Amino acid sequence: MSKKIVAITACPTGIAHTYMAAEKLRNVGKELGYEVRVETQGTTGAQDALTAREIAGADGIILAVDKEIDESRFAGKAVLKVNVGQAIREPQKIMEDALNGIGTVVVDGESAAVETAGSQGSLANKGFRSIYKHVMAGVSYMLPVVVAGGILTAISFAFGIYAFQEEGSLAWAFYQIGAAGALGLMVPVLSAYIAHSIADKAGFAAGLVGGWLAGQVGAGFIGGILAGFGAGYLTLFLSRKLPFPRTLQGVKDILVIPILSTAVVGLMMIYVIGRPISAMQAGITSFLTSMSGSSIAVLGILFGLLYWDLGGPFSKVLYAFAIGMVAEGVYEPMAAVMVCGMVPPLGIALATFVRPALWNQDQREAGKAALFLGLSYITEGAIPFATENPKVILPACMAGGAVGAMVSMALKAGIMAPHGGIFLLFIPNAITNAVAFLAALAVGSIVTAVLIILMKSVRTGKAG
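The sequence shown begins at 1 in the UniProt record's numbering and counts up by one.
Source of the hints: derived by calculation from the structure; they are not laboratory data. None of these values were measured; they are calculated from a predicted model. Any given hint could be a false lead.
[Said to hold, decoys possible] Here are the simulated lysine-lysine pairs, DSS-like style, with alpha carbons at most 27 Å apart:
1) Lys3 x Lys93
2) Lys77 x Lys3
3) Lys201 x Lys81
Between the sequences and the hints, there should be enough to build the whole structure, so can you do that?
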């Protein structure tokens, strides 16, 4: 009888990695003769949800997640926790580990994980993963708000660059909805859901208010992140350590903790951290708006290097930084980051078209898919190629991304909406200096394609 494996996949944005990991687990599991059921938790919520019977009858349980999920369904079960990237790169290994109990943890009744043999990791690594998960939880909720706000603001400019100043006009209405409304909520939403990720519902109010205050005092994106963590951990501390009679527990949860946590976070933002963070944010904004020459080159190289993981944690951190700059009215980093994300799949697709002899039939077909994914700003289209040949693909993608980012920054391309790829061209004013953006994409993709062809030709002996 075949072994039964159940899994959940969930990446921070819920757009690509979630479904690629699920597909990998299903396909490889089928090849190995396992019965695999995967629940995906993407932007639209849970799909193919696991049933209690399936969980109870599973021989192995895998949680391939990069954000907080509800683990209460798995109470008493041994589960293997990995990041989504591992499920894409090493599906066979993690399935065998889950079946053999290697690195698994037992989930208790309160969803906390108790370590079993082989599951230990460094405190520093666990700390980084925890911080990353909480930030990305906030970003995942913030992203639709920023996309809607950026595009609606751009539409308001389509009526004329100053048309939004005429109160009551359609341009003014779009601007109020997009810039004043959606983008104004960006930092509070980020902060609130970071706090929610840490302390659940109890942290939401303090996080929301702290994020709003961060925007008011000019602390922006960085202030919002700090407010979210402060609200979350303060609420968690109060809920665990504040002594209260059991009969008054409801009063503590609904009245005492929200008031205390909101007051403390608010006062800290106004009197302690608000001004220093505001000054730092202003300094970063000033630096980015006045860059030239070597500064642009250094930043472009840094962007290219940070995108080495093709949509993974480092890429997401860079993406979050660019979104923060959009909130400050600085749009060039978002364009450069989008170029870094689009160049890898586009460059790979170009290489498969120019030198088809270097690729097998499956790779050539995957190249066609990579073209569409790249145009859509879904970097993960490059991952299957990078998994098969990392020594060729990763350096070429980093180099192409760095060159593309440098061109984008040097020519002052800017993007007001943090997603959409090439299709943003169809929205008036969503991309400032669209020709520069297209030039950066073209140059970066060509660099990536040329390097892939050269290195692959040398390694395979097909230099002709």
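Against the structure, the hints come out as follows:
For a cut-off of 27 Å, the pair hint linking Lys3 to Lys93 stands: about 15 Å separates their Cα positions. At most 27 Å may separate the alpha-carbon atoms for a hinted pair to count; Lys77 and Lys3 meet this at roughly 16 Å. With a C-alpha separation of about 24 Å, the suggested pair Lys201 and Lys81 falls inside the 27 Å cut-off, and the hint holds.
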